[in-house]
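Here's the letter readout for the chains.
There are 2 protein chains.
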Amino acid sequence: MSSASQFGDQFVSTATPEYIMHVGMGFWASKTLLSAVELGVFSTLADAPADLPTLQKKLALHQRSARDFLDALVALKLLERENGIYSNTADTDLFLDRAKPTYIGGILEMANARLYGFWGSLTEAVRTGELQNESKGGGENIFEALYADPNQLRGFLRAMSGVSAGAAHAIASNFPWRDYKTFMDLGAAQGMVPATLARAHPHLTGIGFDLPPVKPVFEEFIAQRGVEDRVRFQGGNFFEDPLPKVDVIVMGHILHDWDLAQKKMLLGKAFDALSKGGAVVVYDAIIDDNRRENAFGLMMSLNMLIETSGGFDYTGEDCQAWMREVGFSKTWVEPLVGPDSMVIGLK
Amino acid sequence: MSSASQFGDQFVSTATPEYIMHVGMGFWASKTLLSAVELGVFSTLADAPADLPTLQKKLALHQRSARDFLDALVALKLLERENGIYSNTADTDLFLDRAKPTYIGGILEMANARLYGFWGSLTEAVRTGELQNESKGGGENIFEALYADPNQLRGFLRAMSGVSAGAAHAIASNFPWRDYKTFMDLGAAQGMVPATLARAHPHLTGIGFDLPPVKPVFEEFIAQRGVEDRVRFQGGNFFEDPLPKVDVIVMGHILHDWDLAQKKMLLGKAFDALSKGGAVVVYDAIIDDNRRENAFGLMMSLNMLIETSGGFDYTGEDCQAWMREVGFSKTWVEPLVGPDSMVIGLK
Chain A
685 MSSASQFGDQ FVSTATPEYI MHVGMGFWAS KTLLSAVELG VFSTLADAPA
735 DLPTLQKKLA LHQRSARDFL DALVALKLLE RENGIYSNTA DTDLFLDRAK
785 PTYIGGILEM ANARLYGFWG SLTEAVRTGE LQNESKGGGE NIFEALYADP
835 NQLRGFLRAM SGVSAGAAHA IASNFPWRDY KTFMDLGAAQ GMVPATLARA
885 HPHLTGIGFD LPPVKPVFEE FIAQRGVEDR VRFQGGNFFE DPLPKVDVIV
935 MGHILHDWDL AQKKMLLGKA FDALSKGGAV VVYDAIIDDN RRENAFGLMM
985 SLNMLIETSG GFDYTGEDCQ AWMREVGFSK TWVEPLVGPD SMVIGLK
Chain B
685 MSSASQFGDQ FVSTATPEYI MHVGMGFWAS KTLLSAVELG VFSTLADAPA
735 DLPTLQKKLA LHQRSARDFL DALVALKLLE RENGIYSNTA DTDLFLDRAK
785 PTYIGGILEM ANARLYGFWG SLTEAVRTGE LQNESKGGGE NIFEALYADP
835 NQLRGFLRAM SGVSAGAAHA IASNFPWRDY KTFMDLGAAQ GMVPATLARA
885 HPHLTGIGFD LPPVKPVFEE FIAQRGVEDR VRFQGGNFFE DPLPKVDVIV
935 MGHILHDWDL AQKKMLLGKA FDALSKGGAV VVYDAIIDDN RRENAFGLMM
985 SLNMLIETSG GFDYTGEDCQ AWMREVGFSK TWVEPLVGPD SMVIGLK
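Protein sequence lines, in the order shown, are assigned to chains A and B.
All you need for this note's numbering is the position in the first sequence, starting with 1, plus 684.
All you need for this note's numbering is the position in the second sequence, starting with 1, plus 684.
Just chain A, same shape as in the assembly:
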């Protein structure tokens, strides 16, 4: 059982109870990073490294807290400090500067603005089985709430790009795209997966399918990536509307949002829409079949408990069984990056 460098080197070589305290008090490090993203610490330092008085002024930090806050980020290995000048690490400069296309902070902005607080009700959630987000006590689901507000929607879609970027590159590399010509990304959000696939494989043309309000955000993102000639948006509700016929349907971080009947319905609808020999590519933080390794996937399922009325994450075995049930002939699982894997089903 290892404990991370997160709480300083004292923790690296010691055994429990340090690990228990490290996990239990882990919300300190988490919220310190989330607040730093909210305050634009990394974007500001990407413009120019700065000393304490300059940063305190630029970020509007109070004198009492500025130094501890920034030095905590140094000790968490998220900033560097040499001769009193703070700067980003190579990683935080690449991944947490809002101005760079490699920015993954959208999910952290959403976690800071929404999930951190909602997870405060985890005990109630595990006792009642009820969601704990904006829709608590009401009938509106999270997507109706998010998609109704253009600013919230843009933030959510950007967050989805942050969590899809690594998987998108892995799917572009690890799937036999040469055998296929057309694809659709179901629940495409900003279009991270369609853009990444189209850029990696010039023979592909694709569709991003999502609710109609997503259109302008999607089209802006696709145009920025220079693939607007081969990727188009199709607005619709994937429960109600017919799906276009394509060779490959990708569903990333979609299936876990829904209950068992809805999951099977979506897989069945994908099967029907695929051309002969086509494939469905489902990816999520797929839980290992023994449900004892992928902690992130299991906690993502708790996040679905917090965020949805019936959603849950699942193992590769679960997903393959559902795929076979709706008609797919051959199925298998392949790891992508971090906690994500993809489950592939051939028609």
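Since the hints were made in silico from the structure, they are not lab data.
Do not take every clue at face value.
In this list, chains with the same sequence are indistinguishable; a pair is considered to hold if it fits within one copy or across any two.
No more than 25 Å apart at the CA atoms, straight line, and that leaves these computed lysine to aspartate or glutamate pairs for DMTMM-like [as the list claims (entries may be wrong)]:
#1 Lys761 x Glu808
#2 Lys761 x Asp973
#3 Lys1014 x Asp956
#4 Lys761 x Asp1002
#5 Lys761 x Asp863
#6 Lys1031 x Asp833
#7 Lys761 x Glu1001
#8 Lys761 x Asp833
#9 Lys948 x Asp731
With chain A fixed as given, assemble chain B onto it according to the hints.
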């Protein structure tokens, strides 16, 4: 830069952006453990290992969430599961079973009930320099609020024992107690330090000094440890009342609660109360002098920002300078356990 096993083995060998996501989403693992402590998962399993239906019933968990919640704890290495039977790990059985004297969950109970929510306002705290706990907007300090409510007080004092247990044993071992006869623990809480010192060194007699409402909790704890013949309670306010004369004064997790003037005043008052040749032993999550390693200490200082109107954590160099300023002749720093160190000053 390592990332912990906390998010599954996929994360152990991968580089960033996994580390960024691991820290940023760390509140998931943290809150999962905090809710497990709140729900009594570890105390229940200490009585008897159990299968899913039994645990679901005993812990009053909802069917939707029980399995994911428990399996997440397995993947976080906080529970074990063999053939469907859940049990504590050796460590969680020892440290998170309320019935055992080794229980350290008090601080996690407090973190769950209070700090997790208050840390949600970290951004406001770093912007305004203002505390964010129950006393927000009011004049009452945290100790007045906590000490006014017997249940909150008992919880807080138990929490303090959890964070002092490791340090207490290290201080008992690493300080030349044979040279001294009497000690006082200033801000003694339940009495973890006095009890540990008295049990380890039968020639010592000691005093636990704290606010008067602490008396019954202290005396119960000391009697449970069987050292009531050599350790007594003295009620008082260490800002207003005279301190008894002793050979050694211990101040653990006390000095960081107060502002600079108050810190120096307390050290000066300790100096005056000590016998000739006496010593003060200050311990806290002392920050390394370069303020770049002890992330826990730096975040503890942010916790003082959240919890107090002027408190902050400090380096060993800071503390030694204050000690010399009020008259101590020789000072040095020694590491204890985890992020804690002690600063010693000789009169």
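Evaluated hints:
When the C-alpha separation of Lys761 and Glu808 is checked against a cutoff of 25 Å, the pair qualifies only between copies, where the shortest distance is 23 Å, while the shortest distance within a copy is 34 Å. Proximity of Lys761 to Asp973 under the C-alpha cut-off of 25 Å is restricted to the inter-copy arrangement: shortest distance 17 Å between copies versus 34 Å within a copy. For a Cα distance limit of 25 Å, the shortest separation of Lys1014 from Asp956 inside one copy, 16 Å, qualifies, whereas the shortest one across copies, 81 Å, does not. Only between protomers do Lys761 and Asp1002 lie at most 25 Å apart by alpha-carbon distance; the minimum there is 23 Å, versus 38 Å within a single protomer.
Taking the closest pair of Cα atoms, Lys761 and Asp863 never come within 25 Å of each other, the shortest separation being 44 Å inside a single copy and 42 Å across copies. For the identical chains of this complex, Lys1031 and Asp833 are neighbours neither inside a copy (38 Å) nor across copies (66 Å), given an alpha-carbon limit of 25 Å. In this assembly of identical chains, Lys761 and Glu1001 lie within 25 Å of each other by CA distance solely across copies; the values are 23 Å between and 38 Å within a copy. Proximity of Lys761 and Asp833 under a CA criterion of 25 Å is satisfied in neither setting, with 36 Å inside one chain copy and 40 Å between copies.
In the homo-oligomer, the alpha carbons of Lys948 and Asp731 never lie at most 25 Å apart, since the shortest distance is 48 Å inside one protomer and 41 Å across protomers.
When each numbered hint is compared with the structure, violations occur for hints 5, 6, 8 and 9.
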